[in-house]
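The residues making up each chain are set out below.
There are 2 protein chains.
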Amino acid sequence: MTASTSTTRDYVPSGPFAGRFGPAIALKSRETGRLTELGPFSIDPETFGPLEVAYDFGPVTRKDIEAGPASLWRYAPLLPVPRTAEERPADLSPGWTRLLKSENLARRLNLKNLWIKDDRDNPTHSFKDRVVATALAAAKTLGYTTLSCASTGNLANAVAAASARAGIDSVVFIPENLEQGKILTSAAYGTKLIAIKGNYDDVNRLCSEIADDRDDYGFVNVNLRAYYAEGSKTLGYEIAEQLGWRLPDQVVIPVASGSLLTKVDKAFQELIALGLVEAKPYRIFGAQATGCSPVAEAFDAGWDVAKPVRPDTIAKSLAIGNPADAPFVLDIVRRTGGAVAAVSDAEIVAGIRLLAETEGVFAETAGGVTVANLVKLLDDGRLDPDAETVVINTGDGLKTLDAIADHVGPAATIDPDLRIFRQTIAAL
Amino acid sequence: MTASTSTTRDYVPSGPFAGRFGPAIALKSRETGRLTELGPFSIDPETFGPLEVAYDFGPVTRKDIEAGPASLWRYAPLLPVPRTAEERPADLSPGWTRLLKSENLARRLNLKNLWIKDDRDNPTHSFKDRVVATALAAAKTLGYTTLSCASTGNLANAVAAASARAGIDSVVFIPENLEQGKILTSAAYGTKLIAIKGNYDDVNRLCSEIADDRDDYGFVNVNLRAYYAEGSKTLGYEIAEQLGWRLPDQVVIPVASGSLLTKVDKAFQELIALGLVEAKPYRIFGAQATGCSPVAEAFDAGWDVAKPVRPDTIAKSLAIGNPADAPFVLDIVRRTGGAVAAVSDAEIVAGIRLLAETEGVFAETAGGVTVANLVKLLDDGRLDPDAETVVINTGDGLKTLDAIADHVGPAATIDPDLRIFRQTIAAL
Numbered sequence: 056m057t058a059s060t061s062t063t064r065d066y067v068p069s070g071p072f073a074g075r076f077g078p079a080i081a082l083k084s085r086e087t088g089r090l091t092e093l094g095p096f097s098i099d100p101e102t103f104g105p106l107e108v109a110y111d112f113g114p115v116t117r118k119d120i121e122a123g124p125a126s127l128w129r130y131a132p133l134l135p136v137p138r139t140a141e142e143r144p145a146d147l148s149p150g151w152t153r154l155l156k157s158e159n160l161a162r163r164l165n166l167k168n169l170w171i172k173d174d175r176d177n178p179t180h181s182f183k184d185r186v187v188a189t190a191l192a193a194a195k196t197l198g199y200t201t202l203s204c205a206s207t208g209n210l211a212n213a214v215a216a217a218s219a220r221a222g223i224d225s226v227v228f229i230p231e232n233l234e235q236g237k238i239l240t241s242a243a244y245g246t247k248l249i250a251i252k253g254n255y256d257d258v259n260r261l262c263s264e265i266a267d268d269r270d271d272y273g274f275v276n277v278n279l280r281a282y283y284a285e286g287s288k289t290l291g292y293e294i295a296e297q298l299g300w301r302l303p304d305q306v307v308i309p310v311a312s313g314s315l316l317t318k319v320d321k322a323f324q325e326l327i328a329l330g331l332v333e334a335k336p337y338r339i340f341g342a343q344a345t346g347c348s349p350v351a352e353a354f355d356a357g358w359d360v361a362k363p364v365r366p367d368t369i370a371k372s373l374a375i376g377n378p379a380d381a382p383f384v385l386d387i388v389r390r391t392g393g394a395v396a397a398v399s400d401a402e403i404v405a406g407i408r409l410l411a412e413t414e415g416v417f418a419e420t421a422g423g424v425t426v427a428n429l430v431k432l433l434d435d436g437r438l439d440p441d442a443e444t445v446v447i448n449t450g451d452g453l454k455t456l457d458a459i460a461d462h463v464g465p466a467a468t469i470d471p472d473l474r475i476f477r478q479t480i481a482a483l
Numbered sequence: 056m057t058a059s060t061s062t063t064r065d066y067v068p069s070g071p072f073a074g075r076f077g078p079a080i081a082l083k084s085r086e087t088g089r090l091t092e093l094g095p096f097s098i099d100p101e102t103f104g105p106l107e108v109a110y111d112f113g114p115v116t117r118k119d120i121e122a123g124p125a126s127l128w129r130y131a132p133l134l135p136v137p138r139t140a141e142e143r144p145a146d147l148s149p150g151w152t153r154l155l156k157s158e159n160l161a162r163r164l165n166l167k168n169l170w171i172k173d174d175r176d177n178p179t180h181s182f183k184d185r186v187v188a189t190a191l192a193a194a195k196t197l198g199y200t201t202l203s204c205a206s207t208g209n210l211a212n213a214v215a216a217a218s219a220r221a222g223i224d225s226v227v228f229i230p231e232n233l234e235q236g237k238i239l240t241s242a243a244y245g246t247k248l249i250a251i252k253g254n255y256d257d258v259n260r261l262c263s264e265i266a267d268d269r270d271d272y273g274f275v276n277v278n279l280r281a282y283y284a285e286g287s288k289t290l291g292y293e294i295a296e297q298l299g300w301r302l303p304d305q306v307v308i309p310v311a312s313g314s315l316l317t318k319v320d321k322a323f324q325e326l327i328a329l330g331l332v333e334a335k336p337y338r339i340f341g342a343q344a345t346g347c348s349p350v351a352e353a354f355d356a357g358w359d360v361a362k363p364v365r366p367d368t369i370a371k372s373l374a375i376g377n378p379a380d381a382p383f384v385l386d387i388v389r390r391t392g393g394a395v396a397a398v399s400d401a402e403i404v405a406g407i408r409l410l411a412e413t414e415g416v417f418a419e420t421a422g423g424v425t426v427a428n429l430v431k432l433l434d435d436g437r438l439d440p441d442a443e444t445v446v447i448n449t450g451d452g453l454k455t456l457d458a459i460a461d462h463v464g465p466a467a468t469i470d471p472d473l474r475i476f477r478q479t480i481a482a483l
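Chains as they are written, first to last, in my numbering: chain A, 56 to 483; chain B, 56 to 483.
The hints are simulated quantities; they were obtained by calculation from the structure and are not laboratory data.
Only a predicted model underlies this, so the values are computations on that prediction, with no experimental measurement involved.
It is possible that some hints are incorrect.
Copies of the same chain look alike in the list, so a pair counts if it fits in one copy or across any two.
To be verified - No more than 30 Å apart at the CA atoms, straight line, and that leaves these computed lysine-lysine pairs for BS3-like: (1) K247 with K237; (2) K118 with K156; (3) K156 with K335.
Hey, can you work out the whole structure from these sequences and the hints?
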């Protein structure tokens with residue numbers, strides 16, 4: 056495996072979809088680098104490894120991007136989508152989320168220069184709105200008429216909302232025993248919600264069968280996966296642009312499948328190759344929960360691949376026991392001088408509370424994982440406290456209230472009496 | 056009562072806070088127009104009516120504003136706050152939320168030109184982040200060291216989050232019997248949450264006593280109310296700027312205390328007076344729930360004031376039975392040729408679902424009220440279907456899941472079997 060800018064100048068695009076994905080010219084095997092035509096493919100038939108999108112960007116300037124909309128579509132010239140909004144499905148204008156300078160948390164951790172990239176600002180309050188946006192655009196180009204996914208949470212919300220806005224059908228598959236709150240947040244959008252009698256593995260297996268069976272269903276993270284994954288690059292682009300067209304020294308990124316981490320690295324590499332930022336060393340750190348830490352374990356053991364685990368953590372949005380992109384994550388963190396670490400459920404809760412109490416950002420469990428790993432990596436001396444650091448919060452605490460239910464609450468319960476209040480508050 | 060631009064050129068500011076609230080020069084009685092010095096006052100001692108902020112803006116250009124940040128602080132030259140970020144407390148960069156063009160809902164309602172101003176994009180996902188931002192800035196200027204409020208929902212979230220970010224103490228008062236979910240969304244930020252044995256009226260009474268008792272507590276909607284309310288103007292400014300510096304023909308706004316509606320009108324009047332938009336007629340419509348519709352009743356009856364009611368509606372964030380700004384709302388909607396209408400709880404649920412299913416925007420009950428009133432006002436012929444219309448969604452469906460719990464859910468529950476799926480989906 057080699058680092059690649061995925062800019063491929065000698066390939067001649069072919070096939071029915073050539074020229075229909077903006078700057079994208081081919082699909083490329085992650086393992087072998089072999090280029091094949093664009094289409095509804097996500098697996099390299101030779102290696103059974105993932106395919107990713109390869110581009111010929113041509114010149115792209117900061118000014119082009121800055122003149123674009125306040126959404127991830129300002130980066131359309133860098134994504135596998137048609138350049139103009141009219142050629143894409145209607146959307147909720149995801150992305151361009153807040154990059155918040157941290158003073159309080161930075162001070163607490165003795166960090167010199169810390170930023171929080173807060174992806175709660177997306178339309179359904181997680182970074183999944185980004186990947187669904189590029190998947191939906193691809194679905195339209197590829198002729199799928201139904202957008203679909205298996206999910207228990209953020210992805211289901213994002214697919215249901217984006218489909219409603221675009222005016223296309225959606226079918227979302229969930230395990231039957233999902234909590235009602237999580238059902239409602241997708242069902243509200245009028246998606247066809249199909250509850251499956253079985254566990255999440257059963258749901259996924261059925262979805263693979265349906266993807267093979269029907270040519271009208273675009274599963275965002277199955278047959279649309281190559282395009283879907285590219286949406287994550289926009290988080291990397293935004294960090295660089297919001298810093299003033301500069302790469303940070305260190306980034307801490309949650310790892311589920313590992314795709315997000317690899318795409319932030321890809322984004323940084325592309326920005327350097329295009330001359331949009333200065334080339335400089337940066338270190339990428341992966342954050343996992345000990346209840347599902349196959350990549351952190353592989354990192355510690357010096358392995359090139361991860362050993363699958365059975366997830367058991369409150370960070371359910373990161374609970375992927377067999378992460379598809381583990382080898383690429385391991386490669387990137389080693390190449391950049393980073394690391395992959397893991398924290399306990401108790402540390403995750405502490406991480407959620409620390410971020411909320413110091414910065415007013417209420418993260419879901421995945422954000423707690425990231426902040427707790429920031430603390431741990433600093434304690435272990437693996438993060439440089441003097442280097443400019445960005446942590447990515449990928450989701451919203453409103454969706455994982457259970458995680459903090461036993462940990463926070465009223466400081467006091469009192470009668471409506473001024474004298475009693477005075478005594479109470481003096482003692483708090 | 057008269058329409059006013061609140062730009063007052065002959066008044067000479069005085070008192071210890073003169074010059075410390077940016078372009079604000081005085082507090083003004085809403086009833087008599089009399090100007091008094093800036094300070095920690097919200098009630099006119101002569102009339103016991105509300106005080107509001109009066110300004111001497113000086114010249115403000117579109118270019119000045121457009122050069123500002125992508126937050127409500129781009130309008131700092133029009134708010135009672137110091138102009139530079141360094142003079143204000145740290146904040147979460149609220150405002151500058153998405154204005155979404157509606158195609159699907161517009162088509163469904165035979166509306167020619169509809170926009171949705173989606174204030175879910177704020178840091179705690181409601182428009183309360185705007186008013187808390189200006190209240191917090193005023194609290195700092197006025198020397199309060201604790202930010203406080205009584206609230207059961209959005210306001211509590213906003214105060215807790217903003218205080219954490221600013222690094223100042225906060226105390227939030229709630230009724231003891233509040234649902235755990237609503238407790239957690241404020242408690243997460245580490246605010247001192249005080250549960251009161253009593254109902255919401257008991258909580259409010261205690262807060263008024265505390266506001267009188269302690270000079271270190273700034274209650275955002277009591278002693279800081281004049282400054283707090285000004286934050287709502289930014290919704291009006293943003294609508295105009297995002298339309299390309301143009302006022303819409305019609306706006307539909309939820310009415311609780313009525314403050315938001317009056318401030319959107321104030322914003323439009325100010326933009327006209329400053330020459331930032333062309334003067335043109337616009338009509339403002341108020342949206343209430345029939346379970347708490349004192350202003351709609353007064354409008355229908357031709358009264359100048361509202362008769363207090365006991366609220367009984369699922370739209371709890373609008374459940375103010377004795378709205379302080381009712382006379383001003385009635386004046387504005389009559390002056391502009393609008394109306395105040397009300398919808399049932401069933402219509403509210405239908406409104407939430409309609410907006411989510413057509414546009415992918417999952418609103419809280421207050422948003423359901425607004426959309427349902429849009430439908431009703433069109434049906435009644437009071438809204439012009441050919442005129443450019445904006446509806447304001449003030450909050451997030453994740454906070455009021457109960458409202459839809461009995462109404463949406465899985466379309467089917469099936470075994471993980473391809474054949475069964477085929478039959479099921481064909482029948483849906």
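TODO: Could you figure out if K118 and K156 sit no more than 30 Å apart (CA to CA) within one copy, between two copies, both or neither?
DONE: This pair counts as both: shortest intra-copy Cα distance 24 Å, inter-copy 26 Å.
Task: 30 Å Cα threshold - placement of K335 relative to K156 - done: within (21 Å within a copy, 41 Å between copies)
Open item on the list: When Cα atoms must be at most 30 Å apart, do K247 and K237 count as within-copy, between-copy, both, or neither?
Closed with: The answer is both: 15 Å in one copy and 29 Å across copies each meet 30 Å.
No hint from the list above goes unmet by this structure.
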